[in-house]
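Enquirer: Work out the full structure, taking the sequences as your base and the hints as a guide.
Protein sequence lines correspond, in order, to chains A and B. In terms of the numbering used here, the first sequence opens at residue 1079 and continues consecutively. In terms of the numbering used here, the second sequence opens at residue 27 and continues consecutively.
These are computed hints drawn from the structure, not numbers from a lab. Small disclaimer: the values here were computed from a predicted structure and weren't measured. Not one of these hints is a red herring.
On the chain B side, residues computed to face chain A include the following (Cβ under 8 Å): (1) C74; (2) T76; (3) C81; (4) P85; (5) R124; (6) R127; (7) D128.
Quick reminder that beta carbons are idealized off the backbone N, C-alpha and C, glycines included.
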Amino acid sequence: MADTKSKVKETKAKVTDQKPRIGVFVCHCGTNIAGVVDVKAIIEYAKTVPNVVHAEDYQYVCSTPGQKKITDAIKEKNLTGTVVAACSPRLHEPTFRRATKEGGLNPFRFEMANIREQGTWVHMHDPAGATEKAKDAIRIAVAKASLLEDLTPKSVAVEHAAMVVGAGIAGMQAALDLANAGIKTYLVEKLPSIGGRMSQLDKTFPTLDCSQCILTPKMVDVGRAENIELLTYHEVDAVEGFIGNFDVTLRKKANGVLSMAEAEAKGISGGGCNGCGDCEPVCPVIKPNPFEMGMKPRKAIYIYHPQVVPLLYTIDFDSCIKCGLCVTACGEKKAIDLEMKDELRKVKVGTVVLALGYDMFPVENKREWGYKQFDNVVNSLELERLICASGPTAGHLIRPSDGQTPKRVAFVLCAGSRDNTGIGKPYCSRFCCMYSLKHAHQIIEKIPGVIPYIFYMDIRSFGKMYEEFYYRIQDEGAKFIRGRVANILEDPVTKNLHVYAEDTMLNRPIDLEVDMVVLAAAVQPAADTDRTRKLFGVSCSQDGWLLEAHPKLNPCGTTTAGVFVAGVCQGPKDIPDTVAQAEGAASAASIPIHIGKVELEPYFAQCIEEKCAGCGMCVNLCPYSALSLVDKEGGGKVMQVTEAKCKGCGTCGGFCPGGAIWMQHFATPQVIAQIDAFLLGGAK
Amino acid sequence: MAKAKGYSDPKMEEKLKDRYYYREYSNPDFTKKVHDLARTVNHMCFQCGTCTGSCPSAPRSSYRIRLFMRRNVMGLEDESLTDPDLWLCTTCYCCTDRCPRDIAPTDVIMAMRNIAYQRGIVPVNFLKTVQAIYQSGHGVPNNDVNRAVRVRLGLAKDPPTTHSYPEFLPGIRQIIDHWHVKEKADKIVAEAEKHG
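Expert: Spelled out as structure tokens, the structure:
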């Protein structure tokens, strides 16, 4: 890091060593801008702003001829800075910086005036006002451009390793791709086994292949991949650093069991857990198995299901009574350590993929459907286990109240989705329509004479071969009733359920008696999502899903450089979309690692040594731990910035009592000039 | 179109007119007016049917709240206001409790009833209730059967309302007169009775 430490700035006098000559370029953006404001008036005005020696407009300044206008003007008019009044810098700042550079100027001599997003779009019904606002924006931008200085981006090395958080299908796919691209990948999973939600499913739509059958080969690949370090039963505890150099602290939760490698390391030759399962029968503690949605028991020492990867027993220390029976049963392998404690471990990675997954919405909050009030109302993940051959009933669908085979099953779609009441979720959960069709197919297949009733608002069968699947299920005899279920009541004697709805196609209210109801409950971000995303500095959208950098053009990235998202944690999606996004995220995450270095925007703080009193008050203020106090030549202390850590937030610069901190590209004189230009109105 | 084809059955012609409902009969101001009165997002209905499914009136009558919500979205003022089903809502608010779009269909119905009243479209039995309140202070005044039951139960013959305190009746009448409700009710009832 030594090479990225800043040389302490000497003086800032050279900034204005030349009289500024600014060129202003106003973009029409088709009719986006020119359709609202009076571009000619703006150009005439711009010519009167101090320091402006050139002003012109063009239909699309971002186009090749538009950019050429910038480069030409820089050369012909000997400009010292450029201002483009157009869209948001989010979109075209890099374009115009490049054009400025091609004209022979430092790219940071460019300033953008946003007159579209903050101008003509929001004020489209007030052309005169928008025109005045555009003039203000240009005057302010020119004021700053007149004071801009040459800056050089810093580049930092990228650690040749990646981390994937969450080992569901998204995380596994991302980890496999990264590993296959030759990158050391840490795959972190909070549960004892990888596989995620997909391993709980019986079959997958629309192909109806068995979920475990297509998933387990991938799980085995992940377990065997040389470049993947599988960290199950681990949680992310803390994150420091930035793209290229994330220092992640992981918590290895105490599982009470030594793997074979761990046993070897402790000198227990030939010991460690081999998954024989001798410990499980002797354990006296019985708990519900969350993998089976609580419908099957597990012991305090357990594996979730036979296909777990890694095959390693786990002790649930919240329920373990430390009787020691398992230790005896394990015998010579000495795999069990009842005194095991959580361990912290630090790893350094260049990029991170978050694949945090989802939970079911607690559909009991919608009280009218009776979930958790009536025995025979289940959610669809519970049904998934009830029809799965490896589930608690070995694949025989029975209703919970009496173990009878249901003959009439109602499916309630949009159970908590598309709900603006504040109790449910306003979004469409996207895969419930299709899995409910699949459920209908499966029960028809398993139970002769069964009638599935599907209560729907719209059937959203948008994927490849999905509409065909809908056709097939209707042909198989499923009854589709277009109406959202209003409420469900239980017959207290038979435990049958009365489903109340309207058949909106017939304008007819319905009271349908069924044996069982399946609620296709909405999905919501997994419980730990909010904590984890904050550790990585990733934003979320209003519904709690992780926010992608751009919904269309950067769906795998986040606003934090080097952190990517995959799978349902970014928004509900089915398995094909999840895998596709995981591959996209892995590809994006591998790019900085393969390039080996990243360029950082040179917006970091600088210390003006002769003004710095060495008080150190800024050091504790810095949210990124980028500042430190060092000894000054000839005694005393002086602040020093680690540029690669500094994000240019300006906290220190705004605070420094001596005005000794210079925020590059947002320096005090530059900002003051902008404020003056705005408040004093400039030359009119 | 129906006319051009020349169906001879007038009932059929009336039915076929319907296909242009959203152009010829629609009044966009109606949706707005209902919104202003009901203070709910009545234009956001997506016709899921939760309201009708929840409605205790629907299985017992021809009242379909979802149809009124639809007519409202499409601005079908006359069709909404002249349908006597408008008055079959018991205002129990079950639909409002459960609407996934957080609309208050009950308030939409109430708003439509208010607009219907302004236009003088009210079933006569409702107006007779107005007359009854004006006469006695009660929508359903006490009667001899009730009185007998009350006495048997050890209660006073009349409840402690305007039945027992008729001196408060003028106050009630003043309120009703202030809004000209009785006046209008009398007029509409008289007209209805004139037409048989």
